[in-house]
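Single-letter residue listing:
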Amino acid sequence: MSKADSFIDITDVVCPMTFVKSKVAIEGLEAGQTLEIHMNDGEPIQNVPRSMKDEGHTVLDVQNNDDGTYTILVRKGED
Amino acid sequence: MAVDYGALKKGGFMRQKQKDNFSMRLRVVAGRVTAEQLKAVYDIANRFGKGYVHLTARQGIEIPFIRLQDLDEVKKALVDGGLEQGACGARVRTVTACQGSAICPNGLIETQELADKLDARYFGKDLPHKFKLGITGCKNNCLKAEENDLGIKGGMWPTYSQDACTYCGLCAAVCPTDAIIVDKEAKELTFDSDKCVACGRCVVSCPTGAWQGQKGYVLSFGGNFGNNLKFGEELLPIIFDEDKLFAVVDATIAFFQEYGHASERFSKTLARVGMDKLRHYLEGVVQ
Chain A
1 MSKADSFIDI TDVVCPMTFV KSKVAIEGLE AGQTLEIHMN DGEPIQNVPR
51 SMKDEGHTVL DVQNNDDGTY TILVRKGED
Chain B
1 MAVDYGALKK GGFMRQKQKD NFSMRLRVVA GRVTAEQLKA VYDIANRFGK
51 GYVHLTARQG IEIPFIRLQD LDEVKKALVD GGLEQGACGA RVRTVTACQG
101 SAICPNGLIE TQELADKLDA RYFGKDLPHK FKLGITGCKN NCLKAEENDL
151 GIKGGMWPTY SQDACTYCGL CAAVCPTDAI IVDKEAKELT FDSDKCVACG
201 RCVVSCPTGA WQGQKGYVLS FGGNFGNNLK FGEELLPIIF DEDKLFAVVD
251 ATIAFFQEYG HASERFSKTL ARVGMDKLRH YLEGVVQ
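For the protein sequence lines, the chains are A and B, in the order given. Reminder that position 71 of the first sequence reads as 71 in the working numbering, one-by-one numbering, no gaps. Reminder that position 197 of the second sequence reads as 197 in the working numbering, one-by-one numbering, no gaps.
Keep in mind that a hint or two might mislead.
Among chain A residues calculated to face chain B with C-beta under 10 Å, some are [as the list claims (entries may be wrong)]:
#, residue
1, 14
2, 23
3, 24
4, 38
5, 45
6, 52
7, 53
8, 57
9, 58
10, 60
11, 61
12, 62
13, 68
14, 72
15, 78
By construction, these hints were calculated from the structure, which means they are not laboratory data. The beta-carbon is built from N, C-alpha and C at its ideal position, and this holds for glycine as well.
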């Protein structure tokens, strides 16, 4: 996965904190910058990327780590 | 004069073990009760019951300890309070529903209006046995479609267009049945429609709109809980058109009327005459 501007691990929290931590992390970036989010399979992969989309950001890549986790790359949208 | 318990039961008055006491079932559609109706429920439970209600397993309200001698007065209080009697016995029961796409972020279909339409069309209709209709807005299935004689579930049939696709792989990650495989290196996506369960997750997740979807109804037939557990079975492809949905519900109820024996649940009828008989019957309707 390409080098992101920032990284956050949300494998240690559950909904809704998965979304809250991701939202806080991406709010610290400028539009166009990228954030890598490391998350668990199941509920987080179902909901966090979709929530990012709903907030106006773009999922660029999804990496299956084959260990029950995914790492996704998100580009921050314009405010 | 002898008390006609059958007629009372039909109108939602459930005979209690305490002599001449009834747990009075109210007509509730899709679990939606107005604040004004709740005031009337409060008043009736206080005046005629024991000051409490029982919430039923299928989104209904019962007011226990209604006494036989008060029935006429209670019925009048129901009318004044904008409430109606429920139904019990061998007929179409409460139509259950989640809040659907009007409220829920996951909802794919509008459930509440649909429940109202089904209730208006079928509620209380006499059949060989009880008949339950339930609607759930999406694959998450909060309202447990398959436990109903006829279950309706919101679905979304996806279509893929490679022009907008960035091969990010999110659709493959969220697909519950591995129907989608993305090869990022080769920039190839394969979709196995036979595996697709029309949950719509690829469509709602897709960052670029490469996946588009058409909303529809996924039906299940012959479910019931209670003494014999049976999950309703999907017999038809997803239905996109509401008129067609009603044609199928009409046909299903007509089928039960025609082939069901008295006191035989729909699942038992289907086991006896064969699921394929209903499938063929319905295929004639949807074509």
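Which numbered hints does this structure break?
Result: hints 1, 2, 3, 4, 13 and 15 break, sorted rising.
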